[in-house]
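What follows is the residue order along each chain.
Number of protein chains: 2
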Amino acid sequence: MGALTTLADRSVAKLTEEEIIRRVVQSLADAAPAFPEGPGGDCAHLPTTGGRSIRASTIDSVILGRHFDAACDGIRAGAKLVNRNLSDLAAAGAVPSDALLSLVIGPDVDATWLTDFAHGAGRAAAKAGLRIVGGDICRGAHGSFLGTLAVQGFAHRILTRKTAAPGDALFVTGQLGGSLYGRHLDFSPRLAEGEWLCGHGEVTACTDLSDGLAKDLPGLLGPKLDARIDVATLPVSDAAKSLAKSDGKPVLEHALQDGEDYELLFAVSADRADLLEASFRKAFPLTPLTRLGTVEAGTGLARDLADGEPIKVRGFGHFA
Amino acid sequence: MGALTTLADRSVAKLTEEEIIRRVVQSLADAAPAFPEGPGGDCAHLPTTGGRSIRASTIDSVILGRHFDAACDGIRAGAKLVNRNLSDLAAAGAVPSDALLSLVIGPDVDATWLTDFAHGAGRAAAKAGLRIVGGDICRGAHGSFLGTLAVQGFAHRILTRKTAAPGDALFVTGQLGGSLYGRHLDFSPRLAEGEWLCGHGEVTACTDLSDGLAKDLPGLLGPKLDARIDVATLPVSDAAKSLAKSDGKPVLEHALQDGEDYELLFAVSADRADLLEASFRKAFPLTPLTRLGTVEAGTGLARDLADGEPIKVRGFGHFA
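Each protein sequence line maps, in turn, to chains A and B.
Each residue of the first sequence is one higher than the last, beginning at 452 in the numbering used here.
Each residue of the second sequence is one higher than the last, beginning at 452 in the numbering used here.
Chain A extracted, bound-state conformation (with noise of 0.2 Å):
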């Protein structure tokens, strides 16, 4: 048996994220069931005797220095917590239920900081309807806080990523990019939309967007099927326009690559994507909604439509 912390060259620093959970996957071995039941998905699917019959189950966090900053007020860090997770369920389509929080504290935190943190995910949790029914807490290092959510919630059908078809029609809500001013904590997960995707059954496909559009694309398709999306009319935040100016990179870039939109990007069959589209304007007239472009057969590229060259993706990160 190896020990716990060793030399770099056999360290998980070595490893990519996608390499980490790869790896843990394969060791849980029986324990965790396949996609899209077990592992791969925003949400674990599970079947239920009940009326909605897919429980929906997912896991996140959030980690002071990487989640936010210690400037950061409590209150909005808690809401990060809970709406990081509700943007999961809502990728699943479905309506929240409850959740289970786990709280690991440096001794240090202000206690006044820890009881806001708790009210801003209480409130955030109570406008969405989920509730939060237990929890844990441990003493973390000096300097350190993470928040744990495990949220479950119902659905009519299985909504996931990896089921689109060549063909269907590609969708993403709102604007995207920047959300490092400020969107990253102040969004609200787009629930309704979700609920609603997910009661049309030509809706063949959704997930959220965390990791930025470039890299959720593939995500979504998964390794057989292409996306070919008209990257000029991407929908650009105004954050992300202020940050292009700021930084001098591409305004594309930040709008393909920033991470933390938590936009619902969704597939439809071709020949009801017109009607869906008309109709989801209808439901959610408030809500950005733009058509990308269409799946096709392919190694789980995203193709720029004009030229068919796959659309650069910032390096995956090594894990140090």
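Be aware that a few hints might be false.
One copy or any two copies: either way a pair holds, since identical chains are not told apart in the list.
Said to hold, decoys possible - As a list, the in silico DMTMM-like pairs of lysine to aspartate or glutamate whose alpha-carbon atoms are at most 25 Å apart:
{"#": "1", "residue 1": "K465", "residue 2": "D524"}
{"#": "2", "residue 1": "K675", "residue 2": "E470"}
{"#": "3", "residue 1": "K666", "residue 2": "E728"}
{"#": "4", "residue 1": "K675", "residue 2": "E488"}
{"#": "5", "residue 1": "K613", "residue 2": "D481"}
{"#": "6", "residue 1": "K465", "residue 2": "D561"}
{"#": "7", "residue 1": "K613", "residue 2": "E728"}
{"#": "8", "residue 1": "K692", "residue 2": "E760"}
{"#": "9", "residue 1": "K666", "residue 2": "D698"}
{"#": "10", "residue 1": "K578", "residue 2": "D481"}
{"#": "11", "residue 1": "K578", "residue 2": "E488"}
{"#": "12", "residue 1": "K465", "residue 2": "D559"}
{"#": "13", "residue 1": "K696", "residue 2": "D520"}
{"#": "14", "residue 1": "K692", "residue 2": "E704"}
{"#": "15", "residue 1": "K700", "residue 2": "D758"}
Read the hints as simulated data drawn from the structure, not as lab findings.
Because the structure is a prediction, the values reported are computed rather than measured.
For this one, chain A is given, so just place chain B on it according to the hints.
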């Protein structure tokens, strides 16, 4: 809005774990349902419409340096994470269903240790019929490792704490104390016993022993009942006896206060206690069972049968 970290006098280090939990639950406000559907037990108990009509829901973590040390092999650490949670399901008499796994991994964690951890978790889960359906990984600080598991199980009725009545008989499975000698890593959660107890309506309350009998007895009974127990006949483990020899503390102190016993502590209606005891011994001939004493009206104390004096409990530690 206050900053996250603070000077000592405003920090959580001034509070006990119980005070922190109380403040967090209060701040969650409307999002946290009342016990037993919300916080306050080993699990939350959620009504469903399925065959086993209660979903029991719980979350727990293992942290390097707190629940295991860097010399612990990954397989045992992974098994401990799963079995800690399964022990909470056992206390609810619930059959394990599904779980979500969150890992926060320092960049210097050995990649093989990590897969051992997942292997140990997967094996413990598969043994109990628990499926690990999803999860999340994040990068943590150097030298850190944290695993959190959120678990769902199903039961036929709500079996929980704080529901015993005066006159009930008190029982405990197994032997107490000295878990530091290895049992805290290598225990088997009492799932079969818990499910059996849940099937017997005369079992009025149940919990698992995590903090030691002296603290968990008041936890089982709540603030309006006392336990009157025969301290002289407590089932003391061999490990507790060895530990007492080596550190010079009374063996009973180890049996009452060591924690991490992961045994079941439960109450049974007085008029059915003899019969239930006999049935239990027949159903589980290899599981030690000890009748500890009785429940009486009171104020949340564990009293010695011999002299009625409250059993000394180690002072509730501050969070620092």
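Inset, instruction - Give the relationship of K700 and D758 under a CA distance limit of 25 Å: within one copy only, between copies only, both, or neither. - result: within (22 Å within a copy, 78 Å between copies)
Inset, instruction - Evaluate K675 and E470 at a C-alpha cut-off of 25 Å and name the case that applies: within, between, both or neither. - result: Within one copy only: 19 Å inside, 53 Å across.
Inset, instruction - At 25 Å max between alpha carbons, let me know whether K465 reaches D561 within a copy, between copies, both or neither. - result: Close across copies (10 Å), not inside one copy (35 Å); limit 25 Å.
Legend entry - 25 Å Cα threshold - placement of E704 relative to K692: within (10 Å within a copy, 66 Å between copies)
Inset, instruction - Please work out whether the CA atoms of K578 and D481 approach to 25 Å or closer within one copy, between two copies, in both situations, or in neither? - result: Answer is between; shortest inter-copy Cα gap is 10 Å, intra-copy 38 Å.
Inset, instruction - With 25 Å as the alpha-carbon cut-off, assign the pair K578 and E488 to within, between, both or neither. - result: For K578 and E488, only the inter-copy Cα distance (19 Å) is at most 25 Å; the intra-copy one is 28 Å.
Legend entry - Same-copy or cross-copy closeness of K675 to E488 [CA-CA at most 25 Å]: within (20 Å within a copy, 44 Å between copies)
Inset, instruction - Evaluate K465 and D524 at a C-alpha cut-off of 25 Å and name the case that applies: within, between, both or neither. - result: between (34 Å within a copy, 21 Å between copies)
Inset, instruction - Please work out whether the CA atoms of K666 and E728 approach to 25 Å or closer within one copy, between two copies, in both situations, or in neither? - result: within (24 Å within a copy, 60 Å between copies)
Inset, instruction - Classify it for me, K696 with D520: is the Cα-Cα distance of at most 25 Å met within a copy, between copies, both or neither? - result: Classified as within; 24 Å inside a copy, 49 Å across copies.
Inset, instruction - Using 25 Å as the alpha carbon limit, work out where K613 and D481 are close: within a copy, between copies, both or neither. - result: Intra 22 Å, inter 37 Å, cutoff 25 Å: intra-copy only.
Inset, instruction - Tell me, please, which holds for K465 and D559 at an alpha-carbon limit of 25 Å: within, between, both or neither? - result: For K465 and D559, only the inter-copy Cα distance (9 Å) is at most 25 Å; the intra-copy one is 32 Å.
Of the numbered hints given earlier, the model fails none.
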